[in-house]
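So the protein lines, in turn, are chains A and B.
Sequential numbering from 136 applies to the first sequence in the working numbering.
Sequential numbering from 136 applies to the second sequence in the working numbering.
Hints listed in this document are in silico derivations from the structure and should not be mistaken for laboratory results.
Chain B regions said to be covered by chain A (calculated; three or more residues, Cβ under 8 Å):
# : stretch
1 : 288 to 296
2 : 351 to 362
3 : 372 to 381
4 : 389 to 402
5 : 628 to 640
6 : 644 to 656
Covered stretches of chain A, as calculated for chain B (at least 3 residues, CB under 8 Å):
# : stretch
7 : 539 to 549
8 : 606 to 619
9 : 624 to 630
For glycine and all other residues, C-beta sits at the position ideal for the given N, C-alpha and C.
2 protein chains.
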Amino acid sequence: MRRWNGWGEAGTVVELPAQGATFLHERLGSGRALPDATLEAALAQVPTSRLVPHRLYSVDAHDRLLHARGQSLPDWLALREGALGTYPDAVAFPETAEQIRQLLALAHDQDLCLIPYGGGTSVAGHINPPNSARPVLTVSLARMNRLTDLDEQSLLATFGPGASGPQVESQLRARGYTLGHFPQSWELSTLGGWVASRSSGQQSLRYGRIEQLFAGGTLETFAGPLQIPTFPASAAGPDLREVVLGCEGRFGIISEVKVRVSALPADERFYGVFLPDWPQALRAIRQLAQARVPLSMLRLSNAVETETQLALAGHPQQIAWLEKYLKLRGAGDGKCLLTFGVTGNRQQNALSLKHARAHLKAFGGVFTGTLLGKKWAQNRFRFPYLRENLWNAGYVVDTLETATDWSNVDHLLSLIENSLRDALAAEGERVHVFTHLSHVYGEGSSIYTTYVFRPAADYAATLARWRMLKHAASQTIVDNHGTISHQHGVGKDHAPYLLREKGPLAMQTLQALSEHFDPEGRLNPGTLLPESRP
Amino acid sequence: MRRWNGWGEAGTVVELPAQGATFLHERLGSGRALPDATLEAALAQVPTSRLVPHRLYSVDAHDRLLHARGQSLPDWLALREGALGTYPDAVAFPETAEQIRQLLALAHDQDLCLIPYGGGTSVAGHINPPNSARPVLTVSLARMNRLTDLDEQSLLATFGPGASGPQVESQLRARGYTLGHFPQSWELSTLGGWVASRSSGQQSLRYGRIEQLFAGGTLETFAGPLQIPTFPASAAGPDLREVVLGCEGRFGIISEVKVRVSALPADERFYGVFLPDWPQALRAIRQLAQARVPLSMLRLSNAVETETQLALAGHPQQIAWLEKYLKLRGAGDGKCLLTFGVTGNRQQNALSLKHARAHLKAFGGVFTGTLLGKKWAQNRFRFPYLRENLWNAGYVVDTLETATDWSNVDHLLSLIENSLRDALAAEGERVHVFTHLSHVYGEGSSIYTTYVFRPAADYAATLARWRMLKHAASQTIVDNHGTISHQHGVGKDHAPYLLREKGPLAMQTLQALSEHFDPEGRLNPGTLLPESRP
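Model the full assembly from the supplied sequences, consistent with the hints where possible.
This is the structure:
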């Protein structure tokens, strides 16, 4: 069963090993666990719905609680406290595009707001109900999850928007194909959600971002259905696919998604290499990306992330031996772990491996074979579960991310880390901060930063700590040529920073599009764009 | 000197060899040359400008004639006849973004239309002045052609929008880089034009379309400048880069373009392979594209194009020997020429070649080494010059193109070819039609069709023939799941077919964007969207 107040399946537990707890204790002081509300207590706080029962939706308190929040840190705090403030008045589970259109009509007739809901994995407040005079109807696409067509010549698959990562892959794999889109949220997040928020998967280096995979489909809007036909490419004017991508439920509800799939690869391997220091590691990964070696994944942890990962891995004896070996080979303190993957046919993979190894060796890289790569692949979706046991140990963990051009990566990364490290200095609190680059391009890279801090005395004060941290980093990003998000989207948490990034005319353009598709401002108000209506 | 009434430099002549003329005569009957107007006669037809002289523009008749038409077949006919009908009232040559903003202000103050003008190579009527009550000011970006910044870490180059292909490449090559964007119009077309019309280059398989190369820049609009910041990727909402791309001058005038460049490759080769028949050739190229072999170029001519190319190549003795050899190896009548390229480092190129050869051999491919590949590379920009000597021999040549998903490529290709072959049947005229695929993707392919026919007794009747041909093919494309353009853009010639392709809501969306950026409808009216204002 899925956790109601945390990440993933309740049966899946990722332990914090003893030396991991010690490691954090040394850096942050002893943890402080805040008391969790029970499900019953949380349910008791769900107010009476402002909507009368209807065949198209449920006003059940349990449904409404389970669809009230995503997985951001403020969401986490609200769920653990059991006090969410706002809840949807009802949750609909349409099974067809026609039912989505009926819900749009209902919203118009009964003066409702609508919130499209995929897997509920937003970490930026996308699906949180606004504090609105209008009743709020959350529209879960969970029942529209089937592969409805597969064009094996064109490698095009048609899905319902609510198909989760495992639902997408299992239906494709049964036919010999893969989408190859693996965001860390893959177990729960959905195809429609990926499109609506411009998701990127861990193997984007091979398969592309969702922008490259999304071939077309249908967006149901208040102005009618927007059909995006599938073409491999087109010069027929501005690309409206790119207006659906990232619309975050503001322009409409996606009712069908057509994606570009691939034949399952014959061979796939992941490898670990330690680079002696960050400056060399950064040059190595940049030049590797720019050399177009056909790798399927590249991820570089900075020195603190490398140290933290080794501390949290368990197996201290093995780690100690590894570190001894690495030191002998020139990768001691300050070393950085680079993981890379090759996917495809064996001969090509062998050549790509050869090129990557030779390239990294020139930067002092110590190759360690497939062991760490296998570990990465096994654990690739497990990191979000760790929040649970960190919380139980009395620590709060959150992540944030951006992307920027290579000439700015190191500068921006340092500014972000410093902004987080210093953000709680006035309270005398330390923050443990570390970073990796995991989506690399010829032009630049994503920057993905994790920060760990201690809760304050109560929930409100803990949320205030988070706000200081989040604001410090977000302002730093947009003030220094970073995008407010490379892969998480805008939601409500990042919306205040968008103007700085895009400028006034771009914001007016998005607003004009919103008014075009949704003249009464009913769709997901407050997400992406500032709220402008009741 | 550039030809005033045809393609390219006047000094460059591509001959029609004798056996080429014989080949066409057999298929179409004897040619009929229509009389060309002299430049003096054409200049005499330029009417008095409706604009008074101004420091920001020229009202000179020669300037106005040279910027009145592009390179579509109707443009060709108008120029050869010397009767263009509409002319710009003036031509501006701004040198800075500030001067572009002054021109926008002038257009507002004096009630003008503005037509942004790159290299004048449109084959879809993009830059033809409308028959408008408002005076028309054409804005040539030719003087804004410099590389103004090069970020060698991020591989980002900043150019003025008017840089032509050779200006782009020569400035980059001096620093060791290439953009790698080589449309057939490369000698004359410009970076800003490529962005505005979603151009695709012959090596898009390696470098991507202009959509992948355009990183950001500035669009000067009536609502202010739209600045597109450069990020390697972003999830910060809908991508407004993709609204600038393909806007065809309707939303604003591009004043600066930032592009993603590449280090010059160490090695590049092109190869020729003959496949025994079209069905096998089509399967071979599809599977090669879908196997992700890192090739830089793939082009497959169908049987009639292969036959025509060999007839037009000259050297009949050598061709006869080649055909004898090919027949012995199983590629006789119906054979199809596939050209492919590898670009990058030598080891990778060797492996890609090995994979491509093995793959094509399985489909009966006869490998002929680099000779035909070299010929292709030498002649890659020469095809447009051939129109001149075909015209002189009494034949008209035009091309059109689309893209569709693989499962539809063969079907649509046949429908297009048939629609052209039959279009002049009522007049008893034959049309020589042939096709290649030159931009391949996992999902599908472009389809590029050439058609040759004889002029009628006069210019008006010849234009009427072209209209029948063009309409038959265009309607066939949009009625059968093709895009109205893969690489030429919409302009005025394709605008009537866009509604069928995109549907009413998409058209309203483009219209809403046009009204947002250009509320008075002054920018390039009639291009992309139907004209809706005076």
